[in-house]
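Asks: Here is what each chain is made of, one letter per residue.
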Amino acid sequence: MRVLVVEDYGPIRGAVVTALRDEGWTVELAADGTTAHQFFKDDQVFDLVVLDLMIPGIDGLTLLTALRSEGVDSHILVLTARDEVESRVNALNAGADDYLTKPFAMEELVARARALLRRHYAKKSPVLSVGPVSVTISDHRVTVKDEVVDLTAREYALLEYFMFRAGEIVSREELHSNLYGDSGASASSNVVDVYVGYLRKKLEAGGVPRILHTRRGQGYILEFRDEAGGAGAE
Amino acid sequence: MKSGGSIQRRLTVAALLTVGVSVGLSGVFVERTVRERMVAGAEESLETVLRIGSMRATGEARLAHREGREVSEDLVGPGMSQFSWLVEADLPRDPDDPQPIFEQLARTADFPADKFREQELPLGGPNDSGESDESEVTFTVVEGSNGELYRVASYIMEPGAERFNGKWGGGGWRSDGRGDDRGERGEGRMDGRPEGRFEGRRGDGPGGGSLSRRGGPQRGELGPQRGRGGGPGPGSRFDDTFRVSVAASIAEERAFLDILLKTLLLAGALALVFSALLIPWAVRRGLRPVRKISEEIGRMDADRLDHALEIAAPPAELAPIVNSLEGARERLSEAFVREKRFTSDAAHELRTPLAGLRASMEVALRRERSLDQYRETMTECLGITESMQGMVDSLLLLAKGAAHELERSTVDLASTLEDALANRAADMSTRGLTAEVDLGDRPAVSSSQVLIERIFANITRNAVQYAKEGSEIACTIGESPDDVWWTVSNEAADLPSDTAERAFDPLWRADAARSDASLHAGLGLTLVAQCVEALGGSVSVEAADERFTIKVTLPR
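Chains W and B supply the protein sequences, listed in that same order.
What the first sequence shows, in my numbering, is residues 52 to 285, in sequence order.
What the second sequence shows, in my numbering, is residues -7 to 548, in sequence order.
These aren't lab readings, by the way, just hints derived from the structure by calculation.
Predicted, not measured: the structure shown is a model, and the values here were computed from it.
Built from N, CA and C at the ideal position, the CB exists for glycine as well.
Mixed in with the good hints, there may be bad ones.
As the list claims (entries may be wrong) - One-sided and incomplete, this derived list gives chain W residues near chain B with beta-carbon spacing under 10 Å:
1. G61
2. P62
3. A66
4. V67
5. P154
6. A156
7. L160
8. R163
9. A166
10. I220
Generate coordinates for the entire structure from the input sequences, incorporating the hints supplied.
Replies: Quick look at the structure:
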C-alpha cells in the first residue's frame, strides 16, 4: 500500500506517518501542496492520499481539484482544522472521498484509511480471503485453514497487497514500491523475490497448496486453484 | 442602583397640583366676580329706590314723628313694599356742635334699626382731604332682629335739598361743593337761623354743581311747609338735615352666592377627582414609549447585538437617549464581533498544536516503541507545549490590553534590540540568517521597558521566521528631534499583496504558512501594534519587492 501524507504541521504529520507505517504501508510525506503535487507529476501512484486542506503553497482544495482533473484515482482523505460544513462540502465536491476534522483520534484516521483502501480495491469485507488464506485488515490477523500464521510487518504488507489485488498480476516494480517506497525501484528487485519466498514458506507450512504464483516476466499473482492445477509452474 | 423616583409619580403629582391650583383660583375668581356684580347691582337698585323714595319717606317721617308715631308704614312708597325705611333727623341741640347727631324720626316696622344705629356711618360732608365723596350714599349690611341680613343704603339729605326732579343721575342731589354747605350751615346757625333757612338750588343744570349756594337764586323760607301733612310735594324743601336709609333683605342674594359657592366647590372637587383618574392614565400613556424602549433594551443581549433597536420614531425627548443607546449598541456589537472572531481564531490556533500533541502521544502509545522513539515523541510534545504556552501568554496579554503595564523608565533601544537578536541567535543560525544592525547614536527614550522588549521580541521573531533562508535581516535605529524610530526588515518570498493591510490582524499569517515553529506568529504583530499604541507611538508595515519592513516610531 502506498500512502501520501500532506500536512504542514510537523507533529501531526509525524504522528500520521508513524501510524500509517505501523500498518505496514509505505508512506510518503509532503509539508506543502507544491511538494505533494510533485509526487504525482513524477508519475508516482498512491492508493491513498491524506490531505490537510490548510497547507502552504498550493492550498489543499486547489490541489485536490488539480489531482482529480489530472486523472489521479487515489482515494483521498481530507483533514480539516475547521469543522465548518462548507469546507467539508467543498472538499467532497472537489473529489475527496472522506474527511476527518481536526483534532481527530489516530485510530479513526487509520480505520478510515483502511476503509478507503478496501473501497479502492472494491472490497466490502474487512476480511480478505483467498482459498484457505484469510487476512483481517484491522488487526493484521492472518490465518491459513483457520490456523493463525505469524508474519513480519514486511511479509504482512506484501500479503495484504496481494490479497487486495487477488487474481491480478502484480509486477515486481509495484511490489517494490509498495514495500520500500519509490527509492531504488530499479535496483535489486530480487528483494521482492526474497520476501515472496518467505511468505510462501509460511503460508504453505502445513502442506497447503500454493496460492502465490509466479508469472514469468510479468510478476506474481495471488490465486487459488483447485487440486487439478496443483502441478503448476515453478 | 439607587432609584431616582418615578417620573410617572412626579408628573402625576405636578399635574394634580396644577389642576388643583387652577380650579381653586378660577373658583375664587368666579365667586368674587359674581359676588361683586351682585352686590354692585343690588346697591345700585337700592340707591335708585333710595333716591326715588327719600323725599316721600322724609316727609312721611316728619309727619309721623310729629304725631308721635315711631313706626309708620306710610314711609313706603307704592310698589316698594319689599323695602323698609328709616328716616333720622339731625335735631338741633347744641348749636356749637357742628357734628350732626341723627335721631330717628320714623321707620317702617321691619327696618333693622337697632343694629343699624350701632353702625358708625360716615356722616357725609367733606372727608379729611377736603374733597367730596364720590357718592354720599353709604351702604352697610345689617342683621335684622329676625336674624335676616339687610343691605342698607343711607343718604344724608342736607338742608335745602329738594325733591329731585328727575335729573338726579347728574348729581342733582349730590351736593357738590358740600364743603361750602357745611360751613354755610354752621354759619347760618350761628346767625340764629337754625331752621327755615336754606339756600337751595333747583334744576341744577349741568355745571350747577360748581355754583355756590350763595350764588344761587334766593328762595323764600320754607317755614309754612314744615309740619304740613301730606309730605313734601314736588319742589318741597327742608331746612333740616336728614338721614334717609332704605333696607332690603339680602337673603336671596346670600342664598344664590351660597349655591354658587357650593356648585363651584362641587365642580372643583369633580375636576380634581377626574384629574386624579385621568392624569395617571395620560401620564402612563405618555410614558409608553419609555416602556417600549426599555422592553426593547431588555431584549438586547449578546445574540441580538447586531440588530438595531426597533424603536420607530421615538418622541423628541427620548430621541437623544435612543440615539446614544444605538451608538453604544453599535460599538458594543463591533467589539463583540471582534472578540468573538478573536476567540474563535485563537481557539482554532490552539486546536492545531493540541491536535499535534494528541496525535503524537496516541501514536506513541499504539504499540511498543523503542526508548529513542519515546524520547523523540516527548521532545516533540515538549516543543509543542512550549509554543502553546507562548501563544497563551500572548493571548492573555492581548486580552488584558497592554496599557496597564505602562511603567516608564529610560529605555536603551540599542541594547534592547541587541538582547532580542541574541535571543534569536539559535534560530538565526539554524536558518543561516545574519543580522545587519545600525544602532545610530544609541538613542534612549522614556518609555516602558517591558513593552519595548516585547515589541522587539515579536518583531525579530517575525523577521527570523519569515526571512528567506540564508538572507540578511536589517535592523536600524534612528531618531529625530521629536521621536525615535526603528525598522526591522527581512527578505521574504511570495508575500501576499494584502500583507501590509492585514499584517496586524490577530492570527493572520502571510501565506497561511504554518511552519513548525511559527505557531504564534499570527499574534506577534498584533501584539506589537497594541504595545506601540499603548506607548503612544505608531507602527507601519511595508511589503514590496520581496522585502518585509516593519517600522516603529515612538515619541521621545
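Asks: Checking against the hints above, which ones are violated?
Replies: 8, 9 and 10
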